[in-house]
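Here is how the chains run, residue by residue.
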Amino acid sequence: MQDTPDIADRHDAVCVIGAGASGLATVKNLREQGFSVDCYERETSVGGAWNWRHDRSPVYASMHLVSSRPLTEFPDFPMPDDWPDYPHHTRLLTYLERYADHFGLRDSIWFGTEVVAVTPAGDGRWEVTTRSTGGGAERVQRYAAVVAANGHNWAPKPLSVDTSGFRGKVMHASAFKDPAQLRGRRVLVVGGGNSGCDIAVEAAQQAETVWHSTRRGYWYAPKYLFGRPLDQMLLHWRLPQWLYERVLRLAVGDLTRFGLPAPDHRPYESHPVVNSQLAYYLGHGRITAVGDVARMEGSTVELADGRRIDPDLVVTATGYLPHFGFLAPELLDMDEDGRPDLHLHTFARKHPTLAVVGLVQSDAGLFPLAHWQSVAVARWLRLRLTDPDRAAAVQQKESSRPLRSWTRLKVVPSSRHWFEVGHLSYLRAVQGLLDEMEPAR
Amino acid sequence: MSPRVLRTEDWTAPVPPVKREVLSALPHPDDGRPPLLFVPGLGHAAWSFREHWLGHAATRGFPAYAISPRERGTLRAYVHDVVQAAAGLPRQTVLIGHGFGALVVAHALARYPARAAVLSAPLLNGWAAVGAALRANPAGALPGLLGRPVRLSGPQLGLADTARVAGVPARLCRELIMAPDPGEPVGAPPTLVLGSPDDRVVTRRALDAAAARYGGAPLLFPGMGHDLMLAPGWEEPIDAVLDWLLKELPS
Ligand SMILES: Cc1cc2nc3c(=O)[nH]c(=O)nc-3n(C[C@H](O)[C@H](O)[C@H](O)COP(=O)(O)OP(=O)(O)OC[C@H]3O[C@@H](n4cnc5c(N)ncnc54)[C@H](O)[C@@H]3O)c2cc1C
Ligand SMILES: NC(=O)c1ccc[n+]([C@@H]2O[C@H](COP(=O)([O-])OP(=O)(O)OC[C@H]3O[C@@H](n4cnc5c(N)ncnc54)[C@H](OP(=O)(O)O)[C@@H]3O)[C@@H](O)[C@H]2O)c1
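Note that the protein sequences, when read in sequence, are chains A and B. Position 84 (the first sequence) corresponds to 84 in the working numbering; numbering is contiguous. Going from the second sequence to the working numbering is simple: count from 1 and add 1000.
By construction, these hints were calculated from the structure, which means they are not laboratory data. Bear in mind the structure is a predicted one, so any value in this text is a computation, not a measurement. Hints are supplied without guarantee of correctness; some may be wrong.
To be verified - Partial list, computed: chain B residues near chain A (C-beta under 8 Å):
1) P1003
2) R1007
3) T1012
4) V1083
5) P1090
6) Q1092
7) N1125
8) T1203
Claimed, not checked - Within a straight-line C-alpha distance of at most 20 Å, the following computed EDC-like cross-link-like pairs (lysine to aspartate or glutamate) qualify:
9) A:K169 <-> A:D55
10) A:K157 <-> A:D55
11) A:K397 <-> A:E438
12) A:K157 <-> A:E138
13) B:K1019 <-> A:E398
14) A:K350 <-> A:E398
15) A:K223 <-> B:D1010
16) B:K1247 <-> B:E1236
17) B:K1019 <-> A:D55
18) A:K177 <-> A:D162
19) B:K1019 <-> A:E32
20) A:K350 <-> A:D335
Even glycine gets a Cβ: it sits at the ideal position worked out from N, Cα and C.
Start from the sequences, fold in the hints, and give me the full structure.
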């Protein structure tokens, strides 16, 4: 590395980090606002998490969407309407590739290039250090703004128990790709999120024995309610909490009969788990529900209630941690666990030219949220240039937007819910911001 | 006006899919020009563009497509079909709507960031269209008031032969009158309005109003009737559109 590398000034251009769904939408929407854009992607192709060819992709062979198509597609580039309600993950990759081609986005993307550092250059501008993933020298370029769309499903959350003395195989869900990995084995799946439930169901069809460990009870919602995709029905009805609870009790029934703990929270208070097959396989005895894991030693796993089981494969579907290795924590107001504190989960509070797109989790699909976030970012950056006074007024006004209007405050006390939002209330807040930025007529 | 973010109807009651008829004429070789998607007006279908305009656009290097309206469609369903067809093409698409098709395009523009848009003899104002139809062809238009199909006549369209032009269900005429504002286009595409001062379906005033809304003056082709793509002299308007595109969209 050079001590003082030449810094190329990219003037008004904006740097986008990542070419997954969020990065692609950001590139498109920035270009629509007239910005020139350099997007850096460490992999050699677009698609991010949905590109299962990438080693790091968290996607597994059997994966289908949990959010239905109309609530997952980009609002200005619909998926083909003859696709099923819940398309297979390979279709999502096709869709993102077509999006990139349709809007000619690849011209703006530097593949095989990792962003290693983003530092303030003073006057609101940024110095971005990149390195080719094939090795080689680092390069520093200066940008007017930076948008991180680096995804948040890359850094596996470690299990809290020590696994070093365990003789079986332990792998995180992100390393699970293919049903063959489960075939004929005695599998313990840890975690009751969508990954954990999907993998437990997969194991029920492949493995010899399956235990599913959850440390609390959840509301397991079916993929269909009255013949229509769950998320569509919920948005259609907008059921109050008590009524949704009734509906779930009727439609899904009492799962404690199968040994699952009763939920320790009410519906809407945790990220939705949408899986119609878990209860089915519990009822067929193919999955045994167990509690939290206390110890793993030799060939035994000891559970919190003292029971012992003897899996030879443990899949930890414990979720992921956000990771922004290229940014100093204070730039995003991160807490000690690395979770940024951003306005609308998007705008850095002290740096008006720094934003993050895609760092939210909702009760429906991510792409619409990422799209509107990036539209808001692009219009915000444009407004700062064309009308700084109005931009200042908008910033002032936004700072008084109540947190509860866009973020879900009542959630089960688990660290993974810090960025949980409701599809409608969140988008309503983004609409509010877009309206404020509109020039008065 | 900022774009509409909350689209509950699209999320909770998606338009049911149908098999769409899309005709095309493609250039050889394809030099990467943006595709054109033609959207026909009332009583017409993709055939009305296949007569002349599709092939002509292709010989000038543009991949050209025309979509037929679905059976028993509504404005919402037509808009859905146009956005689906456009998003299904390999590159960002130019939407070209004629008559009622221009209204469909105006709505589609609020959904899909078109590369550019052309509104040909646009039927954007339902009441103005009803007035013009009653003046130009009362015998054809009056049944509409009784809920029967409306017929378009040769003189009205500027055609000698109207055998292929279908009757227009009164339901659609009502939709034309009741149509909500299309909203602001997303992606701010350059937009061209064209028509004929002698059109007896879209009045000169309606044409000026449409052009004013999209920020310009209409491009005029005197002496032609409503059906610019079928009437004698059809080359002139399509050439003007393609010239405009070449100027607006330098490759
Ligand atoms: C198993 C699983 C199932 C899911 N199912 C659904 C679903 O049904 N519906 C739904 O809406 N969402 C679902 N999601 C959420 C999913 O994460 C989003 O749909 C979407 O893929 C997120 O896109 P993104 O662009 O924000 O992030 P990613 O897809 O993670 O893309 C980030 C990109 O940034 C690149 N990158 C990261 N750091 C750097 C760097 N320093 N330099 C250069 N490039 C970098 C990465 O290589 C990657 O390509 C699921 C997630 C998982 C894990
Ligand atoms: N088919 C699909 O489309 C699909 C599939 C998989 C994932 N996804 C999406 O991908 C994202 C990530 O999902 P995910 O399921 O991988 O992760 P997740 O939603 O974060 O769930 C993690 C699960 O593991 C538990 N857990 C976490 N740490 C633990 C620990 N140390 N010990 C024991 N249990 C622990 C959590 O319990 P707590 O409740 O106590 O936190 C939770 O049940 C979500 O947005 C999800 O919707 C979608």
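Going down the list of hints, with the structure as the test:
1. P1003: 7 Å, holds
2. R1007: Result: holds, 7 Å to nearest chain A Cβ.
3. T1012: Constraint on T1012 of chain B satisfied, holds at 4 Å.
4. V1083: 6 Å, holds
5. P1090: 6 Å, holds
6. Q1092: 6 Å, holds
7. N1125: Violated. Min distance 21 Å.
8. T1203: 27 Å, violated
9. A:K169 <-> A:D55: 19 Å, holds
10. A:K157 <-> A:D55: 17 Å, holds
11. A:K397 <-> A:E438: At roughly 14 Å apart (the allowed maximum being 20 Å), E438 of chain A and K397 of chain A satisfy the hint.
12. A:K157 <-> A:E138: 30 Å, violated
13. B:K1019 <-> A:E398: 46 Å, violated
14. A:K350 <-> A:E398: Within the cut-off at roughly 13 Å; holds.
15. A:K223 <-> B:D1010: Holds - the C-alpha atoms of D1010 of chain B and K223 of chain A are around 19 Å apart, at most 20 Å.
16. B:K1247 <-> B:E1236: 17 Å, holds
17. B:K1019 <-> A:D55: 38 Å, violated
18. A:K177 <-> A:D162: Given pair K177 of chain A, D162 of chain A is violated - Cα atoms ~24 Å apart, limit 20 Å.
19. B:K1019 <-> A:E32: It is violated: about 32 Å lies between the C-alpha atoms, which goes past 20 Å.
20. A:K350 <-> A:D335: 15 Å, holds
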